[in-house]
Each structure stands twice: as C-alpha cells, then as structure tokens.
Amino acid sequence: RPAFSAKPVKAAVIFSVANPGNAAGWDEGSYRGVRKLIDEHGWDVTVAEAVPFPRLADTAANYAESGYDVVIFTSSGHIGAWNEVSPKYPKTLFAMMSVVNALPKAANALAFSIDIYGYGVMGGMAAALASKSGTIAAVGGAPVPGLITWMSGIIEGAKSARSDIEVLTAFSGDWSNVPRAREVTAMQIERGADIIVMNAGGSTRGVLDAVETAGVQCIGYATDVYAESEKSVLTSVLMNIPSWYEALALAVDEGRTEARIENYGPDTFTLADMHGKLDGAVETTLRDTIGRYQRGELTVAVVAHDVK
Amino acid sequence: MLLLDPEFLFGLLRIATPLMFVAMGVLIAERSGVLFIGVEGAMLVGAFAGFLGAGLLGSAWLGLVCGVLAGVLCGAAMALLTVSIPANQVVVGLAFNIVCAGITSFAFRLTASVAPSRTPLLEWPVAEGTTLARWLGHLPPLTVLALALSAATAWMLFRTAPGLMLRSAGHNRHAAASAGVNVGAVRSVALLAAGAFAGLGGAALTAGWIRSFSDDVTMGRGFIALAAVYFGRWYPGWTIAACVIFGIGEAMAFRAQSFGGNPHLYLMIPYLLTLAGVALAGRAQGPQEAGRTEP
Amino acid sequence: MTMGGSLPGAGEDPVRLAGICKAFGPIQALNDVSLSLRRGEIHALLGENGAGKSTLMNVLFGMLSIDAGAILVDGVDVSRGWSTRRAIAAGIGMVHQHFSLVGDYTVLQNVVLPTLRWSRPSVDWAAERRRLAALCQEYGLTPDLDARVEGLSVGERQQVEILKMLFQGSRILILDEPTSVLAPQQAEALLETLRRFRDDGYTVVIITHNLDDAMRVCDRITVLRQGCKIDTVRPSEVSVDEVAGLMVAHSGAVPVRARSAPGRDVALGIRELRVSEGGRSVVDGVSLDIRRGEVVGVAGVAGNGQSELAEALLGCRRIEAGRILIGGEEVSAAGVAERRRRGLAFVPEDRHAMAMVGGMSVAANMALQTIGEPAFSRFGVIDRAALAGNAQKHIREFGIRVHSPAMPMGALSGGNQQKVVMARELSAGPSALVVSEPSRGLDFAAGAYVRDRILESAGSGVGILLISSDLEELMLLSHRIVVMYHGRIIGELDASDYDVNRIGLMMAGIDPQRAERAERQGTPAARAVLEEQAC
Amino acid sequence: MVHASVTTEPRGHVLLSARFLLSAAVMGACLALTLAILLALAWAVGVSPWMVLTTLLDGAAGSSVAAAATAAEAVPIALTALAFYIPYRTGFFNIGAQGQLEIGALAAMFVVGAVSAPPALTLPLALLAAAAAGGLLIVPSVLLKSWRGASEVTTTIMLNLVAVEFVMAMVSGPMRDVDAFYSTTVQVPEAVRLPGGSLHAGIWLTLAIVVVAHWALKRTVFGFRLDAVGGNPLAAVVAGMPVRRVYFQAVLVGAAIGGLAGGIQVLGVLHQVAEGWSKPWGFTGILAALLGGSPGGILVASLLLAGLETGGRNMQAMTGVPAAMVYVLQGLPVLFFLALRAMPLVRFHLDRKEGL
Ligand SMILES: Nc1ncnc2c1ncn2[C@@H]1O[C@H](COP(=O)(O)OP(=O)(O)OP(=O)(O)O)[C@@H](O)[C@H]1O
Ligand SMILES: Nc1ncnc2c1ncn2[C@@H]1O[C@H](COP(=O)(O)OP(=O)(O)OP(=O)(O)O)[C@@H](O)[C@H]1O
Ligand SMILES: [Mg+2]
Ligand SMILES: [Mg+2]
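Residue numbers (my numbering), protein chains in the order written: chain A, 1 to 308; chain B, 1 to 295; chain C, 1 to 535; chain D, 1 to 356.
The set of hints was computed from the structure by calculation and includes no laboratory data. Just so we're clear, the structure is a prediction, and the values are computed from it rather than from any experiment. Any given hint could be a false lead.
As the list claims (entries may be wrong) - Simulated crosslink set (SDA-like; lysine to any residue; CA at most 20 Å straight-line):
| id | chain 1 | residue 1 | chain 2 | residue 2 |
| --- | --- | --- | --- | --- |
| 1 | D | LYS218 | C | ASP383 |
| 2 | A | LYS91 | A | ALA57 |
| 3 | D | LYS145 | B | LEU280 |
| 4 | A | LYS7 | A | GLU246 |
| 5 | D | LYS218 | C | GLY358 |
| 6 | D | LYS145 | D | LEU234 |
| 7 | D | LYS218 | C | PHE379 |
| 8 | D | LYS279 | B | GLY220 |
| 9 | A | LYS132 | A | LYS231 |
| 10 | D | LYS279 | A | PRO52 |
| 11 | D | LYS218 | C | GLY389 |
Throw the hints in and build the complete structure from the sequences for me.
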C-alpha cells in the first residue's frame with residue numbers, strides 16, 4: 001500500500017483523446033473530475049493528453065519513476081497498461097476511472113467502474129419510449145468491448161420497454177473523424193431512426209450536427225450535452241463521473257487505497273432534464289419505467305449481442 | 001438509383017464542396033508553376049479560422065470570410081518561402097503542413113474557453129418565405145458558391161490577360177520572363193489566391209458543414225484536392241468532376257457500412273477511386289514549372 | 001580605327017552601354033564594357049565561347065542586373081531598376097539563343113503575351129490578330145497564327161520570336177546566335193529580313209560565330225574577349241583575319257588536315273531503315289554504307305529525319321523496319337549499351353539535353369558510359385583515382401579550359417562542353433561514330449579543333465556519319481554527302497562535285513535533274529523555287 | 001537540395017570543410033529561432049519557460065533512458081528519410097514512406113502471428129516481410145508513373161491513406177486481439193522481439209543501413225547511375241545506362257527501407273500495431289532527408305528531430321503544455337532551415353561543387 005509523504009498529492013492523469021476538456025461526453029466528464037481534484041482538493045495534477053495506446057505503459061511508468069503519488073487512467077482502453085505497470089511500481093497508486101471487471105495482481109491498483117450494460121439499458125429504454133417512428137439507432141465510435149456491451153444494453157433495454165422497437169447500430173470507426181460520424185448518423189436517420197443514442201467521443205459533434213439538420217432527437221452520453229444543441233438533444237443519461245474523482249480524493253485522504261473495484265450501478269445514473277420536449281404522459285411513463293429499472297423492480301436480461 | 005436519392009446526393013455534395021474550393025486553389029497555384037503541397041496545412045488553418053470566426057462573430061458567412069483571410073496569410077507564407085527565397089516546393093509544403101497541424105490544435109486549446117464549441121448553421125442570406133428564398137430552396141449555398149467561383153476561375157485563367165500571363169509563368173518561366181511577365185509577382189499573387197481558396201475550403205468544412213473543429217479535422221482532404229487537380233489535368237471542369245467522384249466514393253463508403261463489414265475497408269474506396277482517376281488521367285501535361293526550384 | 005562610345009554625336013544613339021561590369025560569383029563575365037548602338041545599323045557581337053556576348057545583351061535586355069556601369073537609352077540613364085519589362089517598354093527586344101517561347105501557346109498568344117497588362121484584363125483577340133497579320137504581310141513572314149509553337153520547326157519558331165519583338169514595338173532587335181540553328185538558305189533569308197529592318201530604321205544586334213555573315217551584312221562589329229571589349233570596327237575597313245585576330249588571344253585556328261583515303265570494309269551499315277513518329281514515317285527506307293576511315297556527310301534542313309536517323313542508329317529510338325550493322329554484325333535488336341560495346345560512338349546535336357549531366361563533375365561526365373567497365377570500377381565500386389586520371393588525360397590532350405576535373409559540367413562554356421563530349425566518345429576507341437552538329441555554337445578555334453579531331457579519328461580508321469546544317473563543314477570533312485529530305489535520301493554527291501547551290505536545292509526537296517535546269521537558269525530563279533518550297 | 005543532390009562530396013575531411021561548419025551554423029540558428037518561439041508559446045499558456053526548456057532537454061537526452069529512447073525514436077525517422085532520399089536522387093518524390101511504414105509493420109506482425117518457426121528464423125523473416133510489403137506498396141506509383149506518367153506525389157499520398165485504412169481494418173478486424181480494450185493486434189511475444197531492450201538491435205541495424213547507403217551513393221556505380229538518371233535521364237539513355245532499371249531499383253530499395261522501418265518499430269519498440277499506433281514518422285523522415293542532404297547528414301537530422309519528439313513528449317507530460325507543441329517544434333526548424341538554406345549567399349557556399 002503506497003504511503004503518501006508530503007501534501008499536496010502529486011497526480012498524473014492520462015487521456016488518449018486530444019483536448020479532453022472539450023470532448024463532449026465521457027472524457028469531458030473525466031476532465032471535470034480532474035478539475036475538482038485540482039480546485040477542491042488542492043492536488044498537484046499533470047494532464048497527459050493524446051497518448052497513443054501503445055505508449056500508455058511507458059508514459060505511466062515514466063510518471064511513477066519521477067515520483068508521482070497517483071497515476072490516473074481515464075479509459076477502458078488503458079486497462080492493458082494498468083495491468084502491466086501497477087505491479088512494477090508499488091509506491092504509486094494506479095487508479096482506473098473506467099469500465100473494468102477485473103483487478104491487476106497488485107495491491108496499489110484501484111478502480112472506479114460502472115455497469116456499462118445497465119447504462120446502455122437506460123439509454124435504450126428512454127430512446128424506445130420517446131421514439132415515434134419505432135426505430136432508434138445507437139451510434140458509437142470504435143467497436144471496442146465496452147462500447148459493444150453498451151450497445152447490447154441499449155438493444156435489450158429498448159426491447160424490454162417496447163417489444164416492437166427496431167434498434168439500428170452503427171460505428172463511425174474511430175473517436176475523432178467528425179465528418180464520418182456525421183454522415184454515418186445521417187444514414188441511420190435516413191433509415192428511419194428518430195432517436196439517436198450516441199457515444200462518439202471526439203466526433204460527437206458530427207452526430208449532433210446530423211441530428212440537428214435532420215430535425216430529430218438524440219440522447220447524450222455521460223455528460224449533459226443539451227448546451228451543445230438545444231434543438232436536438234432530448235436528454236442525456238448522466239453518469240456522475242466527477243463524483244468518482246471525489247471518491248478517489250477521499251479514499252486517498254483517508255488512506256483507504258487497498259486494491260478494489262468501486263462499481264457504480266444504474267442507481268447512480270440520472271436522466272437529464274428534457275425541457276418539455278416530450279408531452280407529459282410520455283415523459284412520465286419514460287421516467288417511471290427507468291426508475292423501476294434503477295430500483296431493481298424491473299429486470300432486463302443480460303445478452304451479449306455481437307453488434308457490427 | 002443512388003444518385004437520384006436526394007439524401008445521397010446532398011451527402012456527396014457536402015463532402016465534395018470543400019474539396020472544390022481547395023482544388024481551385026491548388027489549380028491556380030500549379031498553373032502559375034508552384035506545386036502547392038502545403039495546401040493541407042492552409043486548409044487546416046482556414047478550417048480553424050472559419051470555426052473560430054463563425055463562433056465568435058455568430059455568423060457562418062463571417063466565418064467563411066475569416067477562413068479566406070487566414071488562407072491568404074498562408075498563401076503569403078508560401079509565397080515568401082517558395083517564390084521570394086525560393087526553397088524546394090515539395091519539402092516546404094510538407095514542413096508547412098506539420099507546422100499548421102501544430103499551430104491550429106495549439107490555438108484550438110487557447111481559444112477553447114472563449115469560443116463556442118459549435119458554430120451557427122449556414123443558410124442563404126435571404127429573408128424566410130420570400131420568393132427568392134423559395135427559389136433557392138434546398139440548393140446548398142456553398143456548393144453553388146463553389147461552382148460559381150470555379151467558373152470564374154476558369155474564365156480568369158483561360159480568357160483574360162492575367163490568366164494568360166499566369167499560365168505562361170507555369171509553363172516556361174524563362175519564356176514568360178523574356179516576354180516581360182514578372183514571374184515572381186505572378187506566382188505570389190497566384191499563391192495568395194490559392195491560399196484564399198484553400199482557407200475558404202477549410203472554412204466550408206468546419207463553418208459550412210460539420211460546424212465544429214477538432215485536431216487535424218481536414219484529415220488529408222487537402223491532399224485529395226491535390227489529387228483531384230491532377231485527375232482533372234489542371235482543367236477546372238474536370239477537377240470539379242474529380243471532386244464529385246471522390247464525394248461519391250466517400251458517401252458510398254459511409255452508406256456501405258450499414259451493409260455490415262469493416263468500415264475501414266469501405267473507407268479505402270474513395271482513395272482507390274481517386275488513385276484510379278489519377279491513373280486514367282495519364283500522362284498529365286501539367287504546368288512544366290510546377291515543382292522546380294530555381295532562383 | 002577605334003569607334004563606339006567616344007564618337008561625336010553618340011549622344012543621339014538610341015542605346016549606350018557605359019563601363020558595364022558583371023560577375024557570376026568568381027567569374028568576371030563582363031569587365032568595363034562600353035558599347036553604343038545606332039539607328040538603322042546591323043551590329044555584330046563577336047567573341048569566343050564565354051566571351052560575354054550573351055551576358056552583355058542579357059544586361060541590355062534587363063535580364064541580368066549589373067555590378068557597375070550605366071545603361072543609357074536615348075541619352076537617359078536607366079540603370080536603376082532596369083528590368084525586362086522596362087526594356088521592352090523602351091523598345092528593346094531580344095531573341096535568345098535557346099528560344100524562349102511558351103510551347104503550348106499558339107503563335108498569336110506567344111506574340112501578344114508581352115503586350116498584356118494586369119490593368120487591361122480583357123483581350124480583343126480579333127484586333128490583335130489583324131495587327132499581327134498586317135505585320136507578317138509587311139515582312140513576308142508566314143507562320144500559322146493558330147498553330148501551337150511546340151509543333152513548329154526551328155525556323156518558324158525564330159520567325160515567331162522576331163514577330164514578338166516587332167509586335168511589342170521594339171526598335172532595337174537583339175538576336176543571340178540566330179543563324180547557328182538554320183539551314184543555309186533559311187539563314188540567308190533571315191539575314192535578308194534583317195537588312196530590311198535596318199533599312200526601315202531599326203537597330204539590329206546579332207551575336208554570331210560566323211565571321212563571313214558578320215562581314216557581309218553588318219555595318220559595325222564589336223569584338224569581346226574574356227569579358228572585355230576589344231574593339232568596334234567597320235567590315236569595310238578590316239579583313240576577316242584581322243577580326244579573327246581580335247577575337248582570340250592565342251594564335252588563330254588549327255589548320256584542318258587533309259582527308260585520308262577511306263578503307264574497304266564497312267564500319268556502319270544501314271539497310272532500308274524505317275522509323276516512324278506518330279503514324280508518319282520520319283526515316284523512310286534509308287540505306288547507307290559507311291566504310292572504315294570514311295566520313296559521310298548528311299545535309300538537310302533541320303527536321304527532315306536526320307536526328308531520328310541518328311537516334312535510331314544509337315538504339316534509343318524504335319526502328320520500324322530495316323537493319324543496322326556495326327562492323328558487319330547485325331545490331332538492329334541490340335540496345336544502346338550493346339551497340340556501344342560493339343564499337344559505336346555518338347555525339348548528339350543538343351549536348352545540353354542529351355550528352356551531359358550538368359550537375360555532375362567533368363570527370364564523371366567523361367566516364368558516363370564506361371563507368372561500369374573494369375577501367376573505372378571493380379565489383380560496382382568506383383575507382384576514383386582512375387576516374388580523375390582519365391579526366392586529367394583528356395583535359396590535357398583536348399585542351400579543355402577548366403579549373404579542375406571536379407568542376408560541374410554545367411559551368412563550362414559550350415565549346416568546352418563539346419570538347420568533353422568528343423573526348424569521351426573518341427576515347428572509347430570506336431569503329432563507327434555518329435556525330436551531329438559537332439561545332440554548333442562554338443567559336444571557330446574550338447570548332448576547327450573539333451573538326452580536326454573528327455578527321456584524325458577518320459584517319460585512324462573510324463567510319464563516321466556526320467550530320468550538320470553547316471555546309472562548309474560538311475564539304476570540308478566529308479568524302480561524300482547525302483541529302484535528306486522528308487526522311488529519304490534524295491541525292492548524293494562526291495567530294496569531286498560539291499556545290500553549295502545544288503545541295504541547297506536538294507535540301508529543299510528539288511531532285512537533281514530539276515536542280516541542273518534551275519542551275520542553268522542561274523541562282524535567283526533557283527532561290528525562288530527554294531523559297532516556294534521552304535515553308 | 002536539388003543542387004545538393006547532384007553535388008559530389010567534398011574533397012578532404014568532411015568535419016573540417018568550411019561548408020560543413022556553415023551548415024552547422026545554419027542549423028544552430030534554426031534551432032535557436034525555434035526555441036525562442038517555443039518559450040514564447042510556453043509563456044503564452046502560462047507555463048514557466050524554464051520548466052519547458054529543462055523538461056525538453058531532460059526528455060531528449062537527460063538520462064541514459066532518455067537518450068536510448070531518442071535513439072530508438074530516430075530509427076523510423078532515419079529509415080523513412082532514406083526511403084524518400086534514395087528515390088529522390090533519381091528525381092522520384094516518394095511521399096509514401098508513412099504508408100510503407102504502416103504496411104511494413106502490419107506485415108511483420110502478420111508473420112509473427114502466422115509463422116511458427118524458431119525465433120531465430122521468425123525475426124529475420126518478419127523483417128524481410130516488412131521490407132517486401134513496403135516495396136510492394138510503391139509498385140502502383142512507379143508503374144503508373146512510367147506507364148501513364150501519373151505524378152507520384154499524388155499516387156504515393158493516396159497510397160498512404162489507403163494503407164492507413166487497411167491497417168485499421170486489419171487491427172480492428174481479422175488481426176484484432178479480441179481480449180484487448182481497443183483495436184490492436186496481439187503483443188509480439190518476448191522471444192520474437194528485437195534483442196537489446198531499449199537499445200534494441202534495430203538501432204544498430206539502422207546505423208549499418210545508413211552507413212552502407214552513404215557509401216553506396218557516393219562510391220559505387222549504383223550511386224553514380226542514380227545521379228546520372230536524376231541529373232539528365234536522356235543523357236543517361238544516350239550513355240547506354242539501363243535507365244528504367246536504375247530508376248526502379250532506387251524506388252524499390254527506398255520503399256523497402258520504408259517498410260523495414262515499420263517492421264523494426266513494431267518488433268523493437270511498440271510490439272503491437274494498434275489504432276493510432278504510429279506517429280507521422282514518414283513525413284518527419286522527409287524533413288530529415290532535407291535537413292541531412294546525404295545519408296550521413298540524415299542520421300544527424302534524425303537524431304535531432306527524434307530528440308525534439310521525445311523531449312517534446314516529456315515536456316508535454318511534465319508541464320501539461322498541449323501535445324500540439326511537439327509538431328510546431330519539429331516543423332519550424334525545418335522551415336527556418338529551408339529559408340536560410342535557400343538564401344543566395346548560403347546556397348552559393350553550400351552548393352559549390354568540389355571533389356569528384
Ligand atoms: N548564369 C550564369 N552563371 C554563372 N556564370 C555565368 C552565367 N552565365 C554566364 N556565365 C559566365 O559568363 C561568361 C560569359 O558567358 P556568355 O554566355 O556571355 O558567353 P558567350 O559569349 O555568350 O558564349 P557563347 O558564345 O558560348 O554563347 C561565361 O564564360 C560563363 O562562365
Ligand atoms: N550555372 C552556370 N555556371 C557557370 N557558367 C554557366 C552556367 N550556366 C551557363 N553558364 C555559361 O553561360 C554561357 C552561356 O551558356 P550557353 O548555354 O549559351 O552555353 P554556350 O557557351 O552558349 O554554348 P551553346 O552555344 O551550345 O549554348 C556559357 O558560356 C556557360 O559557360
Ligand atoms: Mg551565349
Ligand atoms: Mg553559345
């Protein structure tokens with residue numbers, strides 16, 4: 001277990017996206033968390049952005065060697081590096097702030113993870129119940145495991161809420177090509193989808209633009225993207241990412257840094273304000289259904305679809 | 001079939017329009033005898049300026065203007081390096097691209113706090129409901145602008161005195177010089193115009209199409225425009241056609257993804273198409289001076 | 001008999017150059033050169049290769065800046081900010097040695113180009129065309145105004161260049177080595193035209209290496225040597241030899257040795273050779289036997305298949321039909337390297353384009369085709385000592401003027417470049433040599449030397465095919481002369497009955513019989529036939 | 001550069017020749033200018049210039065680890081530089097080194113996965129595959145140029161884009177490591193990696209290649225013919241040189257080296273091909289080729305640019321300045337160099353042709 005000598009805690013945060021503060025979604029959420037560490041907990045934080053995946057391990061090791069107390073990974077893409085590095089530097093605490101289901105063999109590894117499937121279910125339910133056309137689409141970036149689980153959740157969630165629903169799925173192929181994301185989304189809309197559930201990272205704005213131009217609605221990922229496009233954001237399924245960073249800070253302060261995965265379930269997710277975009281009745285049933293699922297009164301089968 | 005489907009048609013026009021602007025820029029530069037490899041960088045700078053301008057000034061059209069101005073600056077830099085000094089055109093271009101990639105994403109971060117992350121929608125600057133508005137209807141404004149400017153470029157190059165002088169500088173600088181054409185001046189002017197077009201193209205991509213900016217948002221589209229010019233054998237008409245063909249390719253790629261299969265495989269289509277086009281264009285009797293570096 | 005700037009009344013001279021100095025890096029190309037040009041004169045600039053002729057005229061035409069001195073136009077000093085544009089505006093026009101036309105523009109476009117202005121974007125082509133047509137009328141020039149310049153013959157291009165000058169209103173016409181690329185009759189016609197310009201009050205300057213031309217048509221001759229002006233003289237007052245004396249520091253030309261008798265067996269055999277270019281056959285069934293030690297001259301107006309014939313013989317041009325034999329062995333199918341190995345040597349007409357790599361050293365250029373041989377490389381590794389030694393040897397025996405063999409070939413003057421090429425080709429110990437325009441653009445000393453080497457190697461048993469547009473040269477060197485017209489050999493003369501006029505007619509495609517008749521009627525008629533056939 | 005490409009090397013000792021000192025001075029000036037701008041930028045984003053400077057130098061060569069990293073980083077730059085430079089001598093612009101590198105890496109990865117031979121055999125096999133793949137990728141360009149006269153500048157750029165998408169398709173498709181949390185191939189097993197750890201064998205291999213190339217271009221008939229064909233193809237034909245063959249050889253050799261760069265990078269450093277695995281080494285390489293002007297010079301230039309890269313990364317990670325700064329850092333000195341290098345005075349002295 002790492003012992004923290006002098007305050008302030010010296011931490012490094014690793015992002016794979018460029019310019020996370022501006023990424024509309026998951027990474028922006030993480031970035032807000034980081035700001036909390038700096039502003040509210042007085043941590044001395046260095047942010048490494050746009051770190052290519054193959055370079056993750058080196059970068060993390062580099063921090064550990066140059067005497068950082070905490071190294072924070074922000075994406076499930078970082079798990080490999082997490083597993084590789086944390087055993088090597090027992091003095092440093094390696095925190096994973098993303099979807100994981102197993103710990104590395106090390107006492108100094110800590111994870112704040114979410115039930116990404118459950119998260120998908122909520123999005124699917126919301127979309128299905130809000131859809132008029134009976135067709136919804138999930139648009140994602142690169143086809144990575146976490147994203148596939150999320151989409152499976154959407155499919156099952158949608159079907160459980162509305163059996164006749166058709167769920168389209170599409171990937172733009174990466175996390176940065178905005179035009180590509182835009183056109184891929186436009187095509188889903190063209191195929192009948194009137195609600196888009198999105199998780200496109202850096203290319204989110206491409207999705208938003210397609211949705212806005214076509215005059216349909218979309219559901220934001222992780223953070224509330226209403227401000228990005230008031231016209232076309234129905235709601236966002238919020239996961240309170242900053243709170244995980246709070247928890248991390250607390251754990252460090254109280255020295256509770258033993259290896260564990262703190263899992264945040266559906267009960268921690270919330271549906272953002274809909275600004276009266278749905279008529280009362282629909283919104284009530286929607287919120288009610290989702291509420292029942294969050295309270296566990298309504299169970300949804302866990303099926304792994306191999307979405308393409 | 002596909003082409004008659006309006007959604008597809010508009011999709012491919014959205015893709016092709018920025019290319020058209022940029023390609024016109026490349027065409028002008030090369031006709032004057034300068035190989036404009038730096039176009040990718042100029043387009044990227046224009047894209048950022050367009051995004052920033054549109055966001056801060058609250059008008060996509062003003063964003064385009066900013067793009068043009070930024071492009072002109074790039075053109076001036078190019079002129080300084082490849083005409084006044086002059087250094088090797090290809091390598092200057094490549095270095096210029098790298099620098100622009102750095103500068104734009106750097107500036108993007110500096111301005112992230114002040115500029116809105118998405119720019120206003122670009123519409124015809126005419127009052128709603130007027131007959132004119134109804135006439136213009138769904139015509140994509142930028143595509144119309146692109147075609148108009150291309151026509152103007154063609155006319156300028158092949159029908160006017162400046163055009164004749166410009167092309168002579170590109171074909172044989174010694175002949176041009178001994179005919180009293182100030183080759184350096186002609187090329188500098190050409191590069192300013194080329195930069196303006198490249199910048200406009202970039203702005204058309206951000207302020208006119210995706211309404212946001214991200215690092216290296218042009219992703220090689222400047223190079224595609226370059227290829228389009230070779231494909232079009234340095235003739236505006238054919239070059240526009242080449243841009244459209246690329247648009248078709250990329251639009252098809254996007255579409256094909258919904259048939260399943262790996263998106264990246266489909267995304268090779270437009271590049272292969274362009275390659276095929278360049279091959280078909282064959283022994284391109286381009287401006288013989290383009291690429292040469294002599295004081 | 002010194003004249004020029006110091007003359008009384010020189011003030012009215014349309015152009016005066018005073019104390020011009022110009023250096024290219026270490027090379028002092030012009031050193032305190034003064035010169036004045038008058039209205040209504042033809043003024044010749046003579047000098048060896050590298051004497052500074054082109055440079056001086058480039059200065060006057062505003063293409064080169066000067067280090068010192070003054071340029072006076074109509075008595076006004078215009079040196080400051082002098083440019084091509086200004087020169088043209090001041091009524092000065094120039095035809096460069098290597099023509100400067102925009103190849104893919106039409107004649108009309110090329111001629112109009114210098115008159116265009118940014119301030120007048122739109123062009124009234126109809127009007128320009130009328131003006132130009134009128135001009136052609138006046139001086140009997142007959143180019144097709146809508147033909148692309150690329151497709152034109154050398155003579156036609158030169159006409160376009162001249163029209164360019166007239167059209168932009170030049171009163172002072174400069175021509176750099178205008179005749180060196182023309183066939184005799186064309187040259188004659190050009191000089192005739194120049195005379196008419198003079199009579200119309202134009203000032204004409206020609207740079208030339210042809211002393212006779214200068215003596216015949218010029219009013220004054222200015223001689224440059226190594227960047228310095230030696231003198232300005234009147235032809236009427238001096239002899240050719242005097243002028244020649246002025247041009248060269250060292251004692252004049254090398255005497256050309258007598259032709260030695262050719263041997264028996266055939267060095268280079270050509271049988272029914274046919275080469276075609278874009279459908280039409282440019283070499284059309286040529287048969288020729290060149291015996292060891294024999295020099296066979298090929299006369300013909302440029303563009304009648306001589307260069308194609310040469311390239312076909314070398315093997316860098318596909319042959320349609322026919323056979324080529326070197327030393328009796330068939331090589332029709334062999335490539336360039338193979339033919340060279342069989343003893344073929346080749347000196348192309350355009351050395352800048354075909355015979356040298358300007359950026360590589362003189363030494364490298366001297367081993368261009370032999371670098372692969374054991375003499376210069378072992379297992380693909382170059383023996384640099386051998387390379388240098390070889391170069392030194394040739395530089396000595398060919399008297400090539402160059403600081404060191406390491407100097408880049410491009411920095412040599414044309415004469416010396418040609419010597420390098422000759423040295424390379426002859427040192428390969430060939431049995432057959434195909435040589436085109438060996439002395440084009442060379443001053444007579446260099447020219448005479450090159451010719452001497454040709455005869456010498458003939459003497460040592462090399463069979464030589466000599467292609468030249470210089471009839472004097474052909475008649476001087478060849479045992480017999482064949483005339484090519486439209487890719488065919490239309491006539492052959494033996495050394496015994498050489499006759500310029502007759503060859504000239506054949507070059508114009510008039511068969512010998514008609515030539516006989518024309519000859520009996522006398523030259524003027526003949527020339528008439530000629531002009532009708534020329535274009 | 002064009003002139004430089006045809007000059008033959010100076011007489012006497014390179015290190016003592018005046019032109020070497022001059023070019024060194026020019027280079028120094030460029031770096032100084034760049035550094036000044038860098039510090040200004042740092043100040044603009046509110047980072048202490050001193051921190052920036054120290055972290056930069058520290059990351060570039062502050063420790064043996066850093067130095068080794070820089071050396072390793074120089075490998076792909078130097079090799080792609082040769083991939084550009086060798087064809088360039090014949091007048092062929094190979095802008096496709098990046099694509100050749102990507103494909104080469106993929107090919108090496110494929111061999112590692114597919115071949116089940118002893119490491120001692122698999123390793124060289126993988127490197128060969130990389131080179132072959134690189135060479136293969138340029139074939140369309142060279143054929144299109146000689147058959148259809150299509151400009152290689154555009155075709156190689158297009159092939160870059162094709163290669164990148166193809167690699168992505170493979171690592172997110174057939175060659176994907178299903179357990180990984182992002183699109184990547186499996187890791188190269190320890191046994192098949194280039195030996196030597198951080199100073200891996202690829203570095204020495206690269207060194208060897210550079211030396212051989214330097215010697216071959218200056219001292220062999222191959223280099224001589226390259227210059228002739230590049231300087232005046234027509235004269236080369238007339239001299240009976242196998243122009244087309246020389247030209248093909250140069251281009252293929254170059255592209256193969258480009259492919260090898262990818263192979264070495266994946267077998268020696270990154271051990272996997274993944275989404276966003278590569279940096280624009282291929283383009284940096286072109287810059288190095290220009291700065292260097294000869295294989296020897298390329299080596300120096302590559303180390304310099306690599307230092308800026310590793311140092312820049314360290315600077316970014318330690319001070320939090322935007323990663324974009326690294327590109328500015330690499331591009332600017334080259335632009336300055338181009339500008340200065342082309343100034344008439346400098347050019348006159350650097351291009352003065354001496355020696356054989
Ligand atoms: N562009 C140049 N760069 C360097 N030196 C030059 C250049 N042009 C001319 N020179 C030098 O100036 C000298 C004079 O050249 P110039 O062309 O005037 O000779 P010339 O009299 O025209 O010779 P020629 O009869 O062969 O045409 C040459 O010996 C050459 O060394
Ligand atoms: N880069 C150069 N460096 C030095 N001298 C040069 C250079 N380029 C040309 N010259 C000189 O300029 C002069 C004019 O060049 P030009 O091409 O007219 O050769 P030339 O001597 O006239 O032979 P030719 O009549 O066959 O052209 C030549 O004397 C040549 O020596
Ligand atoms: Mg001359
Ligand atoms: Mg000459």
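Status of the hints after comparison with the structure:
1. Simply put, LYS218 of chain D and ASP383 of chain C have alpha-carbon atoms about 11 Å apart, close enough for the 20 Å limit, and the pair holds.
2. With a C-alpha separation of about 16 Å, the suggested pairing of LYS91 of chain A with ALA57 of chain A holds against the 20 Å cut-off.
3. Taken as a hint, the LYS145 of chain D and LEU280 of chain B pair is honoured in the structure, with Cα atoms around 11 Å apart against an allowance of 20 Å.
4. Distance check on the hinted pair: LYS7 of chain A and GLU246 of chain A sit about 17 Å apart at the alpha-carbon level, within 20 Å; holds.
5. A C-alpha spacing of about 17 Å is found between LYS218 of chain D and GLY358 of chain C, which places the hinted pair at or below 20 Å, so the restraint holds.
6. For the proposed pair LYS145 of chain D and LEU234 of chain D, the alpha carbon gap of about 17 Å is at most 20 Å, so the pair holds.
7. For the proposed pair LYS218 of chain D and PHE379 of chain C, the alpha carbon gap of about 15 Å is at most 20 Å, so the pair holds.
8. A threshold of 20 Å between alpha carbons decides the hint, and for LYS279 of chain D with GLY220 of chain B the separation of about 15 Å falls inside it, so the pair holds.
9. With a CA separation close to 17 Å, the supplied pair LYS132 of chain A and LYS231 of chain A stays within the 20 Å bound.
10. At most 20 Å may separate the alpha-carbon atoms for a hinted pair to count; LYS279 of chain D and PRO52 of chain A meet this at roughly 9 Å.
11. At roughly 18 Å between alpha-carbon atoms, LYS218 of chain D and GLY389 of chain C fall within 20 Å of each other, so this suggested pair holds.
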